[in-house]
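Construct the entire structure; sequences and hints are all you get.
The chain contents come next:
Protein chains: 2
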Amino acid sequence: MTLIALLQLDPTVGDLAHNAARLEELAGLAAQHGAEVGVSTELAVCGYPPRDLLLEHDFIQRSLACALGIKSTIPLLVGTPLPAEEPRSLPTNGVVRCGPEFTSLGGNVHARVVAEKQLLPTYDVFDEARYFSAKNRSGLARSVGALNLGVTVCEDAWQAAGSTPSAYAQDPIEHLAEWCRQGVAIDATVNLSASPFHSEKFSTRLHVARHAAAVLKHPFLLANQVGGNDDLLFDGRSLVAWPDGRAVVAPSWCEGVLLVDLNGPEGCRWLPSTASDALSIGEAEMESLSGSQTGLESVDTMDELTDAVVTGLADYCRKSNIGSIVLGLSGGIDSAVAACVAVAALGAENVTGLAMPSRHSSQHSIDDALHTANALGMECEVHRIDAMHMSIESTLAPVLENGHPVAAENLQARLRAILVMGYANARSSMAISTGNKSEIAQGYCTLYGDMAGGYAPLGDVYKMEVYAMADRFNKRALADGRPAPVSNSTLTKPPSAELAPDQVDADSLPPYDVLDTVLQAHIESGMNADQMMEAGFEEALVMDVLRRLERTEHKRRQMAPSPRVSSRAFGQGWRRPLASNHDWRGLSR
Amino acid sequence: MTLIALLQLDPTVGDLAHNAARLEELAGLAAQHGAEVGVSTELAVCGYPPRDLLLEHDFIQRSLACALGIKSTIPLLVGTPLPAEEPRSLPTNGVVRCGPEFTSLGGNVHARVVAEKQLLPTYDVFDEARYFSAKNRSGLARSVGALNLGVTVCEDAWQAAGSTPSAYAQDPIEHLAEWCRQGVAIDATVNLSASPFHSEKFSTRLHVARHAAAVLKHPFLLANQVGGNDDLLFDGRSLVAWPDGRAVVAPSWCEGVLLVDLNGPEGCRWLPSTASDALSIGEAEMESLSGSQTGLESVDTMDELTDAVVTGLADYCRKSNIGSIVLGLSGGIDSAVAACVAVAALGAENVTGLAMPSRHSSQHSIDDALHTANALGMECEVHRIDAMHMSIESTLAPVLENGHPVAAENLQARLRAILVMGYANARSSMAISTGNKSEIAQGYCTLYGDMAGGYAPLGDVYKMEVYAMADRFNKRALADGRPAPVSNSTLTKPPSAELAPDQVDADSLPPYDVLDTVLQAHIESGMNADQMMEAGFEEALVMDVLRRLERTEHKRRQMAPSPRVSSRAFGQGWRRPLASNHDWRGLSR
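So the protein sequences, as listed, match chains A and B. Numbers 1 to 589, taken from the numbering used here, label the letters of the first sequence in order. Numbers 1 to 589, taken from the numbering used here, label the letters of the second sequence in order.
Hints were generated in silico from the structure; no laboratory data involved. Because the structure is a prediction, the values reported are computed rather than measured. Wrong hints could be hidden among the right ones.
Stated by the list, open to error - DMTMM-like mimics (lysine to aspartate or glutamate), calculated; alpha carbons at most 20 Å apart, straight line:
| # | chain 1 | residue 1 | chain 2 | residue 2 |
| --- | --- | --- | --- | --- |
| 1 | A | 555 | B | 52 |
| 2 | B | 555 | A | 52 |
| 3 | A | 555 | B | 553 |
| 4 | B | 135 | B | 178 |
Next up, the structure:
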């Protein structure tokens, strides 16, 4: 039995001491259970993604010092940035050895470096060419305990499987395989990862690991970061794959140790972290897969998305020292689900809802808002905004009278934001924005109104998915013997912003099921207008949706981060010029 | 006399047809005046930076088609993205030949490609490794007219001069020089650039050009983009440098043609664009420099910064089809200068100011606001916000009473934002935010309050620079026989947010001259806390300023773009994790 421990950590970016302490805790747990070697996630000591902190020489130096100082009774491979070797060169994304022989913190730093990342992803949410220089020497850690390990960092393994958007000139997996063919004894190859989550991403990551194991002809072990850092979520699911395709997968959204027996799945175990504040959301079960399983068989996409969004908000708050949340409760589906997310993330005692009816609000809006708050056990206050609304309307009357009608509607959304922000500021809480991806994509939201808030938990969740999340939250509550938080009325009434008399969203937008299909074709599948029409979408529909999407780019840019759950989120992965002409595509023809 | 025309263009990103038409106009002007060859700026046909538009295959194809279709009676070298050659590879940043022999749009595309960018900047505001693959073949355009030209694209020339933050493995200038030594006849080397502006950047760019000319032993010609695209400004100043250091420089902030006589400065001319909507801000004069001049001798930094900021706002509005602006006028220095910028950018008839006093406002606030509006000839309305303010205060009374005092102060700023946004929405105008870099850096501003607006013209201008800009606007007005827009009272009263009784900024912040020095040391010079204390700053001052800077990162992230004028702006060049621990630097010790 040869046990390697994959340390599935939720690091806080920049909190070097905390991350190092957590690595020591997980390594201790691993040692206790007989692990011979521990392997951290990518850049574990500083957390991923450190972004422009990496431009500060100090940050790199202190990260490395912190990594080198990690104490462990078993050998560890720890991810850390490494300082540039030459004056006009960039740092590298490296892996160093820690453990019993180094506890006195002595020794030559160079001798402790076992790998430096070779493939630097610079697409989608990744900017690694901005921060690092790539090395072209494959990582090999000899005599780690009794083992010789190939060592790779995240993207290093993806070229071999053809799973990157563009090809790299090198292939670190093929390089290690060549060494094996030449007789170098390698017991297993490990991969330190910070591979972000999105829906169905896991099947690709599993494919990458299986492909590497098959090429290398030995077990391939991937330690993946878990938790949320701003808009990026990491699902954990550290895993081992054998050349025959069998695999063992750690749970998602939990910190702990995947204890891998190189001999096969039978000896593998999941050890949850024993730290009192360890991340632990959802079902914490290890899974064993045969060579033919994709790993998605047992995944309920909506359950996964729900846990992902909760993790995003919970970690954003924890890592930013935010203890409580305020949100507007309109009685609609979005704010009801956002309240469920907030309560799941921070506890009902730390969430306050504000119902803020205007003269355009229906009685069911207040009733449904109170239903949700009561069912969740959170505080809810009702403040009518009519007096303030009339006061502002009379001030602006001359300009509103002949102006664009949306101006009058926006007043209410912005007044509510003043109240929500007033609560948040007074109590040192964070306001959250409750909008969903579909309405944000269409600009069907008010800048500095309902878009206000420090985090937007549903900002990457399509409207129809919000309904499905409501269903999950209701089922979970009922299963726990609590009342369902999202009322039938909220689930079934026609969506309405209630900013004008008898207004419903369908007056301005296509029905959400249709809208979501169009948006997903364009945003997630990357289809352009012509391709969408070829695929059978009506021209007028496509053009309207795309035009609104282009025109509201500037509003989206001023929103708080949203946890990224879809394959192509707004934000980091959607960098577009604002002051530009988007008509090159011929939308106005 | 051998004349090469540098086509100094202000392209609109994505407006392919417009950019192509403007290139044809400038090429026509050049041909009229005897130019043998025309050279565009980098990616001129699609504008720089196209950012994620480059991820769309369509966009690349249409850009190239548009470039290839450009009609000209003289040969042109035009910057355009080129499609990837292989399925899993990236596009390149290329240069194609246009001109009389190609007007029928025929011919082999490959044969028309004369260069592809070799060095891809991926630092600061640049992300080129995200979009392009680098080529390692130097560009040479033979028989362009009667000339053989070395062809480089922007960064290609910067490695030779050592003017990049990290070194590249290749040096395109050295490579061309080696060809020359081997006997290849090259008459001159041209460089298609989109080199962004910041204060004093020009001297570096001039150094790069002179260095290239000296290494190549022939004239080096650089055509630089001009105008504003979101937060990026391009100052133009296309130039030619000879091996002996002499140089001729086109004006900044103007579109036109720099007609370069390869024989020397005497035959060079500046031809302003004749298009009715051509960018033309500031003094449009060509300058001839001896080898010992830095090019900054005749530059007044504050005049330059003033023109830069006006260009940024003017171009943002033009390229986004925004015809009018609304802003709050507080009687303070920031809003007064922002009003000057708006009027300079769009004309007084397109700018509306709102003075919105509360019970904390002094009479001089209204008087000074009206003075500025009257002097500028712009509309100004006065709306007292007391009634709304009291209405909101009474609603929030219970939470405000025991809450953080800043909550009550923020109400006023947010109420004013509702009015400004109400005007903007009703009239389809854009609201601008008037805050300066110093206060934004310290979080001395209200999110969704005074930070609201689609563009923040002064967001990268330090407070003391705002005063200096006020002085420039006053002098310019007086020189034109108009009244000075910024009153003595505005210039001399102690800065105050007027959100609480007798409040002045100095209650919460160090004096602005001190604050600016600390901020500049950290942000622009990249000094850390230790270095700043070594340099003589007081520890308590440094720690307070840096702590506030870290804590308000999330607010800055939700701001509209600001034209970048300093060496290290917030925004694209300042990518930091939000939910993270910034205490690795030991600020809390």
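Hint check results:
| no. | hint | in the structure |
| --- | --- | --- |
| 1 | A:555 - B:52 | holds (17 Å) |
| 2 | B:555 - A:52 | holds (17 Å) |
| 3 | A:555 - B:553 | holds (19 Å) |
| 4 | B:135 - B:178 | holds (18 Å) |
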